[in-house]
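Participant: Residue numbers (our numbering), protein chains in the order written: chain L, 223 to 1073; chain P, 4 to 197.
Misleading hints may appear alongside valid ones.
[Stated by the list, open to error] Per the computed footprint, the stretches of chain P lying under chain L, defined by three or more beta-carbons under 8 Å from a beta-carbon of chain L, are:
(1) 54-60
(2) 184-191
[As the list claims (entries may be wrong)] Calculated from the model, a selection of chain P residues having no Cβ within reach of chain L, i.e. all distances over 12 Å:
(3) Asn16
(4) Leu49
(5) Asp67
(6) Pro76
(7) Asp127
(8) Glu146
(9) Leu154
(10) Ala158
(11) Glu177
Calculated from the structure, these hints are not laboratory results. From the three backbone atoms N, C-alpha and C, an ideal C-beta is built for every residue, glycine too.
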Amino acid sequence: HSEFGAPGVASARSAAEEAAGPGEAEEDGAEHHHHHGGGFRVVQWEWNYVQTPYIIAIWLLVASVAKILFHFSQRFTTVVPESCMLILLGLVLGGIVLIANKKQLYQLDPALFFLFLLPTIVGDAGYFMPARLFFDNLGAILTYAVVGTLWNAFCTGFCLYAAKLLGIIGHHVQADLMDFLLFGALISAVDPVAVLAVFEEVHVNETLFIIVFGESLLNDAVTVVLYKVYISFVEVGGANVLTADYFKGVASFLIVSIGGTLVGLVFAVILGFVTRFTKKVRIIEPLFVFLLVYLAYLTAELFSLSAILSMTFCGIGANKYVEANISQKSRTTIKYTMKNLASIAETIIFIFLGISAVDKSKWAWDTGLVSCTLVFIFVFRAMGVVGQTWVLNRFRLVPLDKIDQVVMSYGGLRGAVAFALVVLLDGEQVKAKDYFVATTIVVVFFTVMFQGLTIKPLVKWLKVPRATNRKPTINEEIHERAFDHILTAVEDIAGLQGYHHWRDKWEQFDRNYLSKLLLRKSVYRKSELWEAYQKINIRDAISVIDQVGPSKKSIYLSIYISKKNFHLTLFATVLLVCSRRENGSGVCLDLQVIDNVPGSKVVEDMETHHVLAGNLYKPRKRSHYSRHFMPLGEKERQDREVFQRNMRIRMETYKSSRHKRHKKERTAPSSPPTEDSHLPWKGGVGLPPPCVSVEATKIIPVDLQQAWNQSISSLESVSSPPASTEPVHPRVSALSRLGGPRPASYTAPSTTVSSTTSIGAPAPQSSFCFPEKKKKKMQEEEEEEEEPGASQEMQPLMLPVRPPGLLPPPSPPLPPPGPGRRRNPCVYLRSLVAAPPPASGDLHSRRPTQL
Amino acid sequence: MGSSSSNLNTIPNSQELMQETGFSAAHLLRLYERFEFLDKDNKGHLRPEDFEAVQELSTNPIGDIIIGSFFSPGQETVDFPSFVRILAHFRPAEKNRTRDGAQPEPANSSTGKLKFAFQLYDRDRDGKISREELLQVLRAMLEMQVTEEQLESMAERAIQEADLDEDDAISFDEFKKSLEKVNIDHKMSIHFMK
């Protein structure tokens, strides 16, 4: 199996193995087509060559198409969980195969399930586990996972044995106490796959979900140990078990669980550390995440520790650092790839559960065993939950009430883990294996299908508080953080070393050591609250735009601005989203709206330049293709810069307009170069970085480039008809026409800038290439960047290192990542959008140098 | 329980305090021990310096503000009953306690908890969180991580979001409303161990 490193291949690989069965059967058929006689054959039937991947692909296709079909009817899918449908589909497919072949060819192979299918689901679950919620409820989760599972296992095992002695279970089930305890151990663990599949559609409140789901993940250690211990007991025979073996079992549990957790945490640290250095190779960032999380699983498996624990803790531990280190594109990639793989794996698991059930060789039915098992697991689950909750509620701040307990009892779903474990049993040692397999299938089907189907109405009927899909507001973000500090302080004052005390201690440790080790320098000082604030802003901006129809946007925006006192950051974001979504004219309208706000003609004019210049990253040739360096990376950088420039300008205009309002300084400028004192960007010199965070730029994949292209073409058609005589693409023509005004307005400001601009001068298109030197320099500076609040991505914006004295006027802080490239369109656009007032003639000439 | 009840007698008005705050005798004793521990020179009351002596508080970004909340305006000291009354805000709320209208809202109800949080922000106790007051807390919480500009925009946004009557400040009702979706019982309670 080792040739497949990534979990990504897991599902495919597993299907490959499933397919291995039919492969052999069909080989005979394939032989007939291969008459390797002499002579050249124009068309050859190469079934043997492609069969394995072919069958895998067909399987995946069938499963995916089935998903599409399920979701055709909205009403249907809200009632019937997908997992039920997949199992039913599996049953049908299994029936077809059985009829066609007289023998079931496919089944869920335990090795592939544990090595490939399960880790994709657990990896996804662990990596995206809400860490705070998880650790807030860790006590309850651990109790249910350890005590609850042990209770279920022992009670089910003993009671089944009692039922056997009482004769309820038939004599043909050849099993003694150890066999039943073994069966109890494997059937009692709540299954993460089933819980995820069912609870994801039920939307119970998050506390309830995290307790049930956390339990299903963490009980793995208990299941693994119990399973292994009983297997060894069964092998030596129940009578030969020594007392020391029980202690060994306990020790083994500690080693398996703690060892698994430690392996996971070690891999989490490695993963965080590695992603610190992926700046130059963004494209393989997701790969590192997949590989290391998967390796955490495999390593734990290698030492027969709890692999699920290892992977879960690796994901939980690394998430914070990895997400901070990697680029937004990588985050999106990881998210979608993980969800995609988990979804595929889940589909395969349920389909194959269905298929495996249709197998005559497996059906060793004993009504007593099946019904007893069903009753026992349900009863003991409920008893265990009630008992443990009673104890836990004495320690919980918010007790779990009766309704929660009902849902928790009912949500104890069994699934593929139990099935894989029971299939793994050795029929020689465990005589009743076939009965156990059949019973497990029934239990799994019953819990997934019956309970899965009825849990939704139950939750509705009991009025269980549902999860609100609501995102926290900024007030909640602020106050909840304050609450954390308050509670910590109160615990310290009252001398209690409680949960908040230790959480605070951990956070300090994290801040002082871990973050320094695992986070890039440029990100580790960023404030979480600020990040949250940025996210909220962007979400709001998007919703503002979504709510208003495209035609009303400008009007709405202006109302919005005046009402909200020109709330800057949000507004800039709105603008950004507008420019992304709107067509070109929309952008321009929006710009006009803003420009009217500051009021002053000159400021307005300058403003326009900045905005336009900001939006005006030059189009590039997109012919470049490389597998190793995504050209998109550059685009991302451009978008980012454009956005940051926008934000900065907004900020500074805001500042300057506030300046005007409050201090009336505009009328009496204090600094010598008069016209500079109220320039929008002037206020920013020497001031701390503006409020642009990486988050802000990263959340939206801004397509300013496209917006710009559209705006150019639309503007052109409106205001400059002669352009139509010029060739081909609007943007090319727009730019080529810029050749005219440029030399007049252009004065080479410095040697560094002129070197790049001179390339751009003769042919506009050749200036599209990014100035490599600058870029490299910037990156180096980013690495060294430690300025608080300034993120790596903002760096180009605030680049403080500017050769002093090179520029005659106090240079604006806008850095020149591509100085020559923005010059022309700016001039061009100004002439289109805002005709320059005569007074700004000198600005006109200096404009390019400042950019 | 024998030894603890004899100790309980050393606490003045212990029965009334237990009645008022809902703390058990064991809790009260424990808190009294803590109070005496903080009260280094047995003055019978605590001063801000006594709180500042707590090592862990020095690393709490809003530690000063929280210490300040233990003292009613104009007062330099806090005695044991007041100390306990303030801590009572953080007791987990009990669900089964029937509240009759005559009784005042207990300190550990979610309104009581919110009131305590509110007056942390409302330093001048005018019943409103002004922009400046919010900024002070934000500044303390975020320390050096963000710029003043960023703080201002955040405070601005927070006030706009919560401010329903458009007086550019957050009143208690607005504060409560902005947090109505938050499980205050959960987020503002700690365990007072036996």
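Participant: Does the no-contact call for P:Leu154 survive, Cβ to all of chain L over 12 Å?
Facilitator: At about 9 Å from chain L, P:Leu154 fails to clear the 12 Å cut-off, so the statement is violated.
Participant: Against chain L, does P:Ala158 keep a CB gap of more than 12 Å to every residue?
Facilitator: violated, 9 Å
Participant: Would the least Cβ to Cβ distance between P:Pro76 and chain L come out above 12 Å?
Facilitator: holds, 19 Å
Participant: Just double-check P:Asn16 for me: nearest Cβ-Cβ distance to chain L has to come out over 12 Å.
Facilitator: holds, 19 Å
Participant: Taking the minimum C-beta separation from P:Asp67 to chain L, is that value above 12 Å?
Facilitator: Incorrect as stated: the minimum Cβ-Cβ distance to chain L is 10 Å, not above 12 Å.
Participant: So P:Glu146 supposedly isn't at the interface. Is its beta-carbon more than 12 Å from every beta-carbon in chain L?
Facilitator: violated, 8 Å
Participant: Checking C-beta pairs, does the region 54-60 of chain P have three or more residues closer than 8 Å to chain L?
Facilitator: Holds, because 4 residues of the region 54-60 of chain P bring their Cβ atoms closer than 8 Å to Cβ atoms of chain L.
Participant: Classify the label on P:Glu177 as holds or violated, using whether its beta-carbon is more than 12 Å from each beta-carbon of chain L.
Facilitator: violated, 9 Å
Participant: When you look at the beta carbon of P:Asp127, is every beta carbon of chain L farther off than 12 Å?
Facilitator: It holds; P:Asp127 is separated from chain L by about 18 Å at its closest Cβ, greater than 12 Å.
Participant: Please count how many residues of the region 184-191 of chain P have a CB within 8 Å of a CB from chain L and say whether that reaches 3.
Facilitator: Our answer is that it holds, as 7 residues pass the Cβ test (under 8 Å) against chain L, meeting three.
Participant: Taking the shortest Cβ-to-Cβ distance between P:Leu49 and chain L, state whether it exceeds 12 Å.
Facilitator: violated, 9 Å
Consistency note: the structure conflicts with the earlier hints numbered 4, 5, 8, 9, 10 and 11.
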